[in-house]
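Chains as they are written, first to last, in the working numbering: chain A, 3 to 424; chain B, 3 to 424; chain C, 3 to 424; chain D, 3 to 424.
The set of hints was computed from the structure by calculation and includes no laboratory data. The structure displayed is predicted, hence computed values, not measured ones. Check each hint, because a few of them may be wrong.
[Unchecked claim] Result set (DSS-like, lysine-lysine): computed pairs, CA atoms no more than 25 Å apart in a straight line:
| hint | chain 1 | residue 1 | chain 2 | residue 2 |
| --- | --- | --- | --- | --- |
| 1 | B | K157 | D | K189 |
| 2 | A | K157 | B | K157 |
| 3 | A | K330 | A | K157 |
| 4 | C | K157 | A | K131 |
| 5 | C | K190 | A | K190 |
| 6 | C | K9 | A | K189 |
| 7 | A | K157 | C | K189 |
| 8 | D | K189 | A | K131 |
| 9 | C | K157 | A | K190 |
| 10 | C | K130 | A | K190 |
| 11 | C | K130 | D | K64 |
[Claimed, not checked] Now the stretches of chain C that chain D is said to cover, found in silico as 3 or more residues with beta-carbon under 8 Å:
| hint | stretch |
| --- | --- |
| 12 | 58-70 |
| 13 | 159-170 |
| 14 | 184-190 |
| 15 | 228-234 |
| 16 | 322-334 |
| 17 | 345-352 |
A virtual CB, placed ideally from N, CA and C, is assigned to each residue, including glycine.
Number of protein chains: 4
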Amino acid sequence: MEHMIEKLTELESNVRTYSRAFPVVFCKARGAEIYSVDGRRYIDFLAGAGALNYGHNHPALKESIIEYFLGDNIVHSLDLWTAAKYAYLDTFDRLILKARGLDYKVHLTGPTGTNAVEAAIRLARKIKKRSTIVSFTNGFHGITMGSLALTGNAKFRSAAGLPSVGNAFMPFDNYFGKGVDTLRYFKKCLSDCSSGLDYPAAVIVEVVQGEGGINVASPAWLQELETVCRDQDILLIIDDIQAGCGRTGRFFSFEHAGVVPDLVTNSKSLSGFGLPFSQVLIRPEHDQWEAGEYNGTFRGNNAAMITGAKALEYFWSDDAFADEVRRKGEIVREGFLGLIDLLRYRQVEAEERGLGLMRGIDVQSGALATKITAEAFRQGLIIETSGHSGQVIKCLCPLVTTGDQIEEAMQILRSSIDNVLG
Amino acid sequence: MEHMIEKLTELESNVRTYSRAFPVVFCKARGAEIYSVDGRRYIDFLAGAGALNYGHNHPALKESIIEYFLGDNIVHSLDLWTAAKYAYLDTFDRLILKARGLDYKVHLTGPTGTNAVEAAIRLARKIKKRSTIVSFTNGFHGITMGSLALTGNAKFRSAAGLPSVGNAFMPFDNYFGKGVDTLRYFKKCLSDCSSGLDYPAAVIVEVVQGEGGINVASPAWLQELETVCRDQDILLIIDDIQAGCGRTGRFFSFEHAGVVPDLVTNSKSLSGFGLPFSQVLIRPEHDQWEAGEYNGTFRGNNAAMITGAKALEYFWSDDAFADEVRRKGEIVREGFLGLIDLLRYRQVEAEERGLGLMRGIDVQSGALATKITAEAFRQGLIIETSGHSGQVIKCLCPLVTTGDQIEEAMQILRSSIDNVLG
Amino acid sequence: MEHMIEKLTELESNVRTYSRAFPVVFCKARGAEIYSVDGRRYIDFLAGAGALNYGHNHPALKESIIEYFLGDNIVHSLDLWTAAKYAYLDTFDRLILKARGLDYKVHLTGPTGTNAVEAAIRLARKIKKRSTIVSFTNGFHGITMGSLALTGNAKFRSAAGLPSVGNAFMPFDNYFGKGVDTLRYFKKCLSDCSSGLDYPAAVIVEVVQGEGGINVASPAWLQELETVCRDQDILLIIDDIQAGCGRTGRFFSFEHAGVVPDLVTNSKSLSGFGLPFSQVLIRPEHDQWEAGEYNGTFRGNNAAMITGAKALEYFWSDDAFADEVRRKGEIVREGFLGLIDLLRYRQVEAEERGLGLMRGIDVQSGALATKITAEAFRQGLIIETSGHSGQVIKCLCPLVTTGDQIEEAMQILRSSIDNVLG
Amino acid sequence: MEHMIEKLTELESNVRTYSRAFPVVFCKARGAEIYSVDGRRYIDFLAGAGALNYGHNHPALKESIIEYFLGDNIVHSLDLWTAAKYAYLDTFDRLILKARGLDYKVHLTGPTGTNAVEAAIRLARKIKKRSTIVSFTNGFHGITMGSLALTGNAKFRSAAGLPSVGNAFMPFDNYFGKGVDTLRYFKKCLSDCSSGLDYPAAVIVEVVQGEGGINVASPAWLQELETVCRDQDILLIIDDIQAGCGRTGRFFSFEHAGVVPDLVTNSKSLSGFGLPFSQVLIRPEHDQWEAGEYNGTFRGNNAAMITGAKALEYFWSDDAFADEVRRKGEIVREGFLGLIDLLRYRQVEAEERGLGLMRGIDVQSGALATKITAEAFRQGLIIETSGHSGQVIKCLCPLVTTGDQIEEAMQILRSSIDNVLG
């Protein structure tokens with residue numbers, strides 16, 4: 003492995019990220035477990051930062067894609083109609099949309115999250131003929147120039163070499179702590195024509211901010227935001243890229259609040275198998291695209307549509323899977339509350355946050371969080387940090403992680419905290 | 003098929019493009035042939051607009067990816083080090099870079115072309131601490147906001163809802179016809195501090211403009227452009243997304259001119275199998291990224307790296323394949339010259355252009371080009387148009403298209419011209 | 003007069019503003035009184051929106067400028083050194099700066115407020131090598147593109163046809179009512195690197211927002227803002243264009259709070275005589291301009307420097323004038339409080355606000371304020387409205403307005419309220 | 003004078019420009035002559051860079067303004083209607099517009115050139131609902147952010163700290179030397195929807211580029227530009243700030259070509275007396291401003307309107323003055339041709355350019371031009387350089403300069419060239 007690491011370091015750009023925190027070479031993986039080339043086993047609570055909700059190499063999905071390839075079915079075809087696209091769209095419409103009483107048209111964008119976000123905000127600007135999109139503190143929506151303007155992270159923003167255009171930030175729920183109504187500022191700015199807020203085309207928001215540090219918008223706050231948007235002729239875009247596909251214990255994260263966005267962005271686990279795939283859901287009355295007005299070579303990845311359709315059938319034909327996710331979310335939550343007791347015993351103030359299996363422990367210090375996750379890695383658990391200063395230990399374990407694996411991970415975290423603070 | 007079309011039309015956003023010109027549902031494909039669900043066979047000269055240089059479902063690539071999946075190897079892992087990444091980078095370095103005396107570090111960006119372009123221009127801005135990137139008339143570099151500023155197409159630009167920032171356009175080679183030195187304008191603007199051109203960080207250029215209408219930059223023009231960049235402290239970025247991976251009869255399109263760009267963007271056929279995959283090649287002295295300064299969920303698609311490495315071994319271990327591409331390019335060229343005779347006989351002025359198997363016939367009229375390609379589709383050939391008004395019939399057939407298939411395509415085009423103009 | 007009005011209406015662009023609310027042709031004026039061509043006398047509480055602090059045609063200033071012209075002294079000379087410039091700068095330094103223990107270099111910009119603001123923010127960007135300038139809700143800083151980005155007013159912003167670049171708005175003091183600490187949001191955004199606030203080069207703020215509706219920043223708020231700027235390496239720019247030159251009862255409005263800005267913009271009454279004139283005051287360590295980096299034909303209006311120097315000598319050689327302004331401010335305040343009693347008696351909730359002779363009555367309704375000021379005009383008082391919806395009756399009477407004139411104006415307002423609400 | 007210089011250097015910002023090339027303190031001036039405080043006489047061929055076409059302190063203008071002030075007429079009144087405004091607009095309409103068969107409404111903007119330019123381009127954007135304004139290489143239109151985007155000069159542009167938005171540069175007439183049709187590029191970009199040129203709202207152009215180095219657009223080129231604009235639904239804005247008010251031997255510089263712009267900007271000598279004053283002329287059908295959509299404190303400077311109206315009556319009641327300017331222009335031209343012979347004799351290649359009394363000698367080297375003008379100043383002639391590298395000695399002498407003064411200036415230039423090159 004040493005030789006491989008040397009070579010990889012030499013050949014790959016300095017921009018590489020995760021191989022710095024987890025500097026081994028991986029090869030095999032299944033479910034919530036991943037193996038390095040020297041045979042070491044790790045529990046994977048990073049899981050593609052939300053791209054592997056169904057775990058690595060799920061057998062049913064794997065079978066579907068291999069069968070598809072064996073049959074010389076179409077892998078790439080720009081945005082031509084294919085049997086795979088038909089299967090995916092029909093399944094998605096049936097099992098996800100109709101089952102929830104939702105009505106959306108699907109824009110199969112380039113297969114990355116930022117492509118979907120750029121498509122959504124462009125459509126919003128076109129519909130409303132206004133240029134401003136409102137996003138929220140600690141939001142993350144991607145880093146191509148259009149999405150970056152909506153992303154709070156200063157590291158990416160300052161690396162862009164250009165100032166932002168067409169954006170405005172508002173405070174997310176609880177940004178000033180419990181009890182401060184952050185939508186008040188937004189409403190005041192909208193009602194005051196000298197507030198400096200250019201009247202927005204749309205609001206884009208995450209129900210749970212993943213990169214931002216597992217900040218959960220309350221149902222009441224989301225409902226109020228929806229009301230503001232409806233009343234003020236502003237589109238509501240929910241970026242469900244990280245929190246979607248069951249992560250929070252519902253297929254869409256916004257189901258908890260019962261809001262119905264005008265546009266929704268999906269990606270990450272949408273293919274189910276870790277393949278690049280993205281889409282924008284568009285309320286039919288908003289599908290004001292002209293033909294070909296937004297394009298890209300890899301929109302509508304057929305392989306991803308095959309595994310995506312299979313994942314929907316396998317996991318979303320009834321409510322059992324979602325129920326299970328919420329149940330496991332409770333288990334992780336209780337585990338984390340135990341860790342918080344431990345941290346407090348060690349004089350570290352900490353907070354548990356999350357929804358479903360998107361959970362985090364805010365230890366208030368990026369340095370401490372890094373020490374704990376580094377120690378956890380040494381002990382065989384891959385788990386990352388998030389938040390503005392990396393102060394939140396962030397669990398995005400596969401939704402198929404077993405109870406034993408969760409228990410093992412909790413023990414590693416407990417031991418890591420002990421080792422770091424002891 | 004009718005039911006499928008009805009359902010697809012209902013479920014998919016109006017933004018869909020290719021299913022309008024080719025309104026059937028496809029299912030199977032191999033090499034240069036593709037089949038609709040009603041069993042009809044088509045020759046595919048669209049071929050993913052350059053994403054399928056090795057044809058559909060190449061057996062060697064298919065085998066490699068199936069084997070990889072069967073072994074429970076890692077499909078998705080953000081940008082962690084994997085055995086697949088090692089295999090890809092090592093193979094790319096050995097068979098492509100070292101074999102050409104090139105020295106680049108590889109930035110595995112999000113898997114779409116526009117992601118790679120955004121990464122390249124951001125790095126250029128960071129290196130040079132200047133905001134302007136120069137691109138060229140009829141250039142196409144993607145449509146996320148950063149790339150869109152460099153893309154000439156008015157349809158995409160006007161749909162953006164925001165004015166461009168940080169860009170400047172210069173005339174491409176032969177923009178005013180043969181004999182006008184278009185770099186003179188660029189050089190004059192650089193030398194005149196009141197020209198209005200903000201001193202650029204970089205130039206981004208395609209050796210053959212694909213979307214722009216198969217416009218080929220001459221080696222002399224490219225060499226002069228490289229000299230200007232070197233002399234004036236400007237980075238040279240070659241966007242080889244559509245013209246790269248052997249399309250022009252060399253792996254990199256810029257090999258014809260012998261220039262050595264500072265940064266190169268690759269995508270489209272880089273995976274060999276039609277899977278989303280992109281990279282930026284960075285001269286080592288320019289690899290000034292800080293860790294994690296540019297990110298994205300699907301950077302370094304492992305499945306694509308497996309087929310990508312296999313494609314390099316299969317096609318690029320020696321010069322035979324490239325030689326064959328250039329030979330077939332001559333065949334297509336001669337076929338096109340025959341079509342031009344036919345067009346002229348029908349009183350239509352036309353021009354043949356191209357490099358290797360990236361070729362087009364400019365029939366001067368988008369309406370005529372559309373009629374011809376529509377008729378060709380009726381006769382079983384999928385071929386698209388490009389250029390500012392869609393006036394160029396554009397051949398991007400798989401590089402593995404057989405002589406018989408080329409002959410058949412030419413006959414269809416001949417017959418289509420006859421039918422349209424007869 | 004009817005013929006003149008007809009002709010003026012025909013010849014002047016529709017953009018004209020004040021001639022709509024006050025549709026007569028004026029000719030003569032002295033002190034706080036102004037006459038229409040048909041001989042009608044008006045009390046002028048508009049007074050050039052702060053440009054006529056010393057009243058119309060003050061005899062001492064008039065004499066100085068006539069004498070200057072009679073002597074064939076230099077009227078225009080770009081930014082060459084002149085005896086007039088020497089006299090002005092020396093007087094300003096002596097009577098205003100040194101007398102207050104202040105140390106600034108003077109940048110004589112183009113003679114409009116927005117020119118000064120553009121110069122100040124450009125210098126701030128240059129010094130800090132950052133692009134963002136923070137301004138505040140309801141702030142007004144001019145409407146050329148650079149200043150407009152910092153101006154809250156939606157009417158001007160939306161007329162620009164371009165989105166803003168390089169700006170961020172924060173809530174002004176009391177924006178959410180008394181008791182809400184609005185700087186908390188700014189401080190939180192600065193401390194949170196994912197807040198979306200690009201780290202600013204500078205803050206620009208008015209001590210009393212004139213166009214914004216006579217909103218007064220408290221000394222404590224300004225001191226806290228100064229502390230934030232000092233601690234966070236951000237420049238503090240005070241835009242004293244409307245509130246400066248004695249309007250608030252001190253020469254600079256920020257004297258009340260004891261803060262010392264890095265940059266100050268002055269204009270409006272700086273010439274004392276209503277002539278166009280502006281400047282930026284720059285702390286010596288920040289005077290990082292290169293020669294000629296900011297220019298303009300009319301910077302350093304010699305005629306304005308003559309009257310400007312004279313005004314300083316006449317009004318600012320000791321504290322008597324400022325004391326008098328504060329005393330009159332109290333008289334206006336008491337008059338306004340009486341009007342508020344009257345309004346409340348008529349069931350209209352209203353609030354009095356202001357500092358020195360920059361005062362307003364917020365009647366909560368733009369329609370009502372317009373009715374009252376229209377009736378006042380009918381009765382011989384010129385007074386305008388301001389605020390986001392024009393809901394504030396705004397007194398910017400000349401500082402030399404006599405007690406009798408103030409009394410007359412109050413009676414007109416009282417009678418106007420009675421007539422409108424009776 | 004030494005003490006004054008010391009004090010001025012201490013008090014004034016480093017940004018000061020002209021006092022560096024001409025480092026004396028001036029006090030009196032009349033016609034084309036200006037005096038320093040130590041009694042030295044200079045011939046002034048700088049003349050406010052075009053702001054003093056009628057010379058310093060013209061007796062008739064001086065008398066009119068003194069009389070106005072003595073009568074306690076209104077000096078400042080925002081944009082209220084005044085007798086002065088009536089007199090100015092009526093005179094301008096009668097003597098300038100109607101006399102030339104022109105029909106424009108007048109927008110009295112803030113009194114600087116850049117204010118007028120910002121108003122013109124904002125109106126153009128509003129009318130056409132497009133954001134791009136096309137300007138030309140070496141153009142100068144002011145340096146507030148909106149105008150700066152249209153100004154070629156790199157020194158100002160790079161000092162802005164923000165990239166430009168909403169602009170595009172095209173090559174000015176003769177930019178590539180005689181015989182190259184520079185409008186071809188513009189026309190090609192307009193006709194090619196993938197050229198990268200966002201379809202413009204307007205073109206803004208100077209008939210003679212003053213700051214750009216006395217570059218004269220030929221009548222044919224301007225007529226062709228007008229045709230392009232008319233045919234393509236683009237507004238034509240002529241920025242006549244430096245070349246207008248008789249400078250070229252016609253009141254408007256565009257009269258030579260017979261074009262009729264949609265919008266015209268005037269400033270500089272518009273007041274006749276060196277007072278700040280600007281306007282935009284708007285074809286009636288384009289006067290689509292809403293009331294108050296563009297504002298500013300000093301729009302419609304009454305004092306400037308008095309001298310402006312007087313100047314129109316005095317100089318523009320018949321053709322005699324314009325004839326005289328053209329005659330003197332010929333004298334300067336011949337003098338300059340003599341200087342060119344002298345320069346060539348000294349082995350310096352040089353070119354004479356200009357229209358009317360806006361003339362220059364291009365000596366190809368900024369260093370040489372600076373040496374010559376510095377020596378000329380030593381000998382009593384104030385004359386500046388312009389052009390991208392300051393390579394053009396630029397004559398903008400008052401239009402009232404006498405034959406003797408011109409002769410004296412020519413002798414000084416001749417002697418300066420001898421001394422510098424001898």
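request  = Find the hints from earlier in the document that the structure breaks and name them by number, from lowest to highest.
outcome  = Of the numbered hints, 2, 3, 6, 8, 10, 11, 14, 15, 16 and 17 do not hold.
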